[in-house]
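**Student:** Construct the complete structure from the given sequences, taking the supplied hints into account.
Number of protein chains: 2
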Amino acid sequence: MAKGAQTREAIVDTAVEVAFRVGLGGLTIGELARQRQMSKSGLFAHFRSKEALQLAALERARETFVDLVVRPALSAQRGEPRIRELFERWLACARDGSPGGCLFVKAATEFDSQPGALRDRLAQDHQDLFDTAAQVCRSGVSVGQVRRDVDAEQFAHDLYGVMLSFYLAYRLLADPAAETRARAAFEALLAGVRT
Amino acid sequence: MAKGAQTREAIVDTAVEVAFRVGLGGLTIGELARQRQMSKSGLFAHFRSKEALQLAALERARETFVDLVVRPALSAQRGEPRIRELFERWLACARDGSPGGCLFVKAATEFDSQPGALRDRLAQDHQDLFDTAAQVCRSGVSVGQVRRDVDAEQFAHDLYGVMLSFYLAYRLLADPAAETRARAAFEALLAGVRT
DNA sequence: ACCAGAATCGCACGACCGTACGAGGGTGTC
DNA sequence: GACACCCTCGTACGGTCGTGCGATTCTGGT
Numbered sequence: 022m023a024k025g026a027q028t029r030e031a032i033v034d035t036a037v038e039v040a041f042r043v044g045l046g047g048l049t050i051g052e053l054a055r056q057r058q059m060s061k062s063g064l065f066a067h068f069r070s071k072e073a074l075q076l077a078a079l080e081r082a083r084e085t086f087v088d089l090v091v092r093p094a095l096s097a098q099r100g101e102p103r104i105r106e107l108f109e110r111w112l113a114c115a116r117d118g119s120p121g122g123c124l125f126v127k128a129a130t131e132f133d134s135q136p137g138a139l140r141d142r143l144a145q146d147h148q149d150l151f152d153t154a155a156q157v158c159r160s161g162v163s164v165g166q167v168r169r170d171v172d173a174e175q176f177a178h179d180l181y182g183v184m185l186s187f188y189l190a191y192r193l194l195a196d197p198a199a200e201t202r203a204r205a206a207f208e209a210l211l212a213g214v215r216t
Numbered sequence: 022m023a024k025g026a027q028t029r030e031a032i033v034d035t036a037v038e039v040a041f042r043v044g045l046g047g048l049t050i051g052e053l054a055r056q057r058q059m060s061k062s063g064l065f066a067h068f069r070s071k072e073a074l075q076l077a078a079l080e081r082a083r084e085t086f087v088d089l090v091v092r093p094a095l096s097a098q099r100g101e102p103r104i105r106e107l108f109e110r111w112l113a114c115a116r117d118g119s120p121g122g123c124l125f126v127k128a129a130t131e132f133d134s135q136p137g138a139l140r141d142r143l144a145q146d147h148q149d150l151f152d153t154a155a156q157v158c159r160s161g162v163s164v165g166q167v168r169r170d171v172d173a174e175q176f177a178h179d180l181y182g183v184m185l186s187f188y189l190a191y192r193l194l195a196d197p198a199a200e201t202r203a204r205a206a207f208e209a210l211l212a213g214v215r216t
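Those protein sequences? They're chains A and B, same order as listed.
The first sequence begins at 22 in my numbering and counts up one residue at a time.
The second sequence begins at 22 in my numbering and counts up one residue at a time.
Be careful, since some hints might not be right.
Covered, in the sense of this in silico footprint (three residues per stretch, anywhere, with C-beta under 8 Å from a C-beta of chain A), are these stretches of chain B [said to hold, decoys possible]:
no.: 1; region: 39-47
no.: 2; region: 126-138
no.: 3; region: 170-179
no.: 4; region: 206-213
Note that these hints are calculated values from the structure, not bench results.
Idealized CB from N, CA, C, for every residue including glycine.
**Tutor:** Below is the structure:
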């Protein structure tokens with residue numbers, strides 16, 4: 022990989038970490054340059070607007086999420102194992118504070134009222150995630166572990182709710198019972214769609 | 022009410038509206054002054070730091086949420102009616118974009134990784150909300166509509182999840198089915214705790 | 001009508017913002 | 001060794017940020 026591309030990757034990594042704390046909107050070229058110990062202009066040259074930087078960070082976050090959560094889940098056995106894998110990976114990514122995966126979800130609330138390229142991209146990505154989760158749910162139908170008349174979109178929706186609720190309790194309230202509750206909610210959800 | 026207090030109230034109202042779009046962190050004294058058509062320094066004098074302004078906005082958001090959601094729910098009949106009232110009011114406040122109520126929830130994700138007075142206050146308020154929701158759930162036990170062995174905290178947690186998931190689908194994705202799904206999730210939740 | 005105090009203003013400050021541009025340094029190819 | 005090209009830098013611009021202060025205007029009680 023060329024030197025420039027390497028630097029760019031490193032910058033984006035740092036951007037994700039910072040944005041994970043202060044939000045994508047709170048990202049600052051100056052602060053980022055400080056952290057990477059390079060000049061503002063040198064850093065800026067890699068992106069050519071702040072929005073491009075934010076989009077790059079968002080994309081990295083999405084990739085991280087896909088690598089850490091979605092892909093491993095999709096390579097698990099169809100049906101319940103796959104559903105469980107999706108949930109467990111997602112939970113782990115939130116719990117261990119892997120910045121990428123978390124940012125991807127966190128940015129959603131930040132930009133839900135700010136029209137623009139970021140919001141559009143975020144909406145697209147989340148729609149994809151919902152579709153994937155629904156598909157995972159349906160994979161359970163084909164192996165007879167999930168009710169044939171299941172509402173897969175509803176399941177995806179509800180699963181997301183469980184995760185969001187976990188994020189909040191775990192990160193804002195630092196509630197030690199957060200994980201237990203998330204698991205309980207997940208099991209209830211699963212019980213509701215099982216054959 | 023003295024003139025000054027009146028102005029302050031108006032400023033805080035505007036602050037809540039703006040923060041609802043750009044986040045509490047995105048609040049700006051200059052922009053606020055522009056919207057209220059007064060000088061930056063004149064506006065600033067009412068608070069004496071930006072953080073105080075943010076805290077004031079957060080408090081107003083909390084009050085709005087309590088007025089619009091919590092109090093009406095608590096004055097409904099114990100048991101299922103009260104639980105339903107809590108859910109419906111909450112849903113309505115999110116759906117109609119009442120800035121106060123929404124901001125209160127939205128700010129939670131914004132500051133979950135930024136230590137400080139805002140985060141602390143937010144955590145306290147959310148804990149209170151959880152406690153209230155749990156209490157509302159328990160009110161159903163006393164009238165025999167909710168299972169005696171219900172985990173009220175879990176219920177509160179799950180209810181929050183349903184709301185968060187609704188926020189996302191409604192605001193980011195503009196999904197027309199969001200409300201229907203939220204209602205379905207709520208009914209499933211309720212069915213799980215009924216006697 | 002007057003006066004005290006509250007409310008608001010104008011102006012200034014240093015810091016940082018995002019962005020632009022040209023100069024210089026490094027590296028790889030002929 | 002010369003050349004081209006990619007990175008990175010310094011410097012600069014106009015703007016906005018949060019905050020402080022003294023001067024001015026407004027308001028309410030006497």
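**Student:** Mind taking a look at whether chain A covers the region 39-47 of chain B? Criterion is 3 or more residues with CB to CB distance under 8 Å.
**Tutor:** holds (count 6)
**Student:** For the region 206-213 of chain B, does the count of residues with a C-beta closer than 8 Å to a C-beta of chain A reach 3?
**Tutor:** Our answer is that it holds, as 3 residues pass the Cβ test (under 8 Å) against chain A, meeting three.
**Student:** Test coverage of the region 170-179 of chain B by chain A using CB-CB distances below 8 Å; three residues minimum.
**Tutor:** Since 5 is at least three, the answer is holds.
**Student:** Examine the region 126-138 of chain B: at least three residues should have C-beta closer than 8 Å to a C-beta of chain A.
**Tutor:** n = 8 at 8 Å, threshold three: holds.
The structure agrees with every numbered hint stated previously.
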